[in-house]
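Residue numbering for the sequence shown follows the numbering used here, beginning at 337 and increasing consecutively.
Check the hints yourself; a few may be wrong.
[Said to hold, decoys possible] Lysine-lysine pairs mimicking DSS-like chemistry, simulated, CA-CA at most 30 angstroms apart: (1) K448 with K413; (2) K389 with K413; (3) K412 with K423.
Treat the hints as calculated values from the structure; they're not laboratory data.
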Amino acid sequence: QQPTANKMGANQSVTPVTTQSYLQYKNDFELVIRATKDLEHLLETQFGAPSSKQDGLHDKITHAQQSANLSKETVKKMRYLVTIRNKLVHDHGFNQLPDRRGFALSYDSVEKELKEVLAKRGKKKGASADVCIIC
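Produce the complete structure using the sequences and hints provided.
Pasting the structure below:
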């Protein structure tokens, strides 16, 4: 775990998210649910996707695609992750990932690309994470 400063400046431990950390889950259901929950959280908190229960992950992806002008490749990967999640949760006969490592790598790739978009967006606005605007 790596120590980082929270919003108030206090140190807290944060587990880095990597393919290896997702592959630690032996159960495909846990791997898929954790990864897609993290994707959903990122879309809602960083891309302004709607957080209502009526909006599904595909709706949230569409929102992020339109608001952040995401690449077609990133959107395609996100839709793959969500489609696999939906099949695992809703299709009675679909009970394991066809490619665990591929799923985890797809998530890592999407997360990296979304964070790169956020970094570029922050640079365009001239914002700096090291500057306190209120102070």
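Here's how the hints hold up against the structure:
{"no.": "1", "hint": "K448 with K413", "in the structure": "holds, 12 angstroms"}
{"no.": "2", "hint": "K389 with K413", "in the structure": "holds, 23 angstroms"}
{"no.": "3", "hint": "K412 with K423", "in the structure": "holds, 16 angstroms"}
In summary, this structure violates none of the numbered hints.
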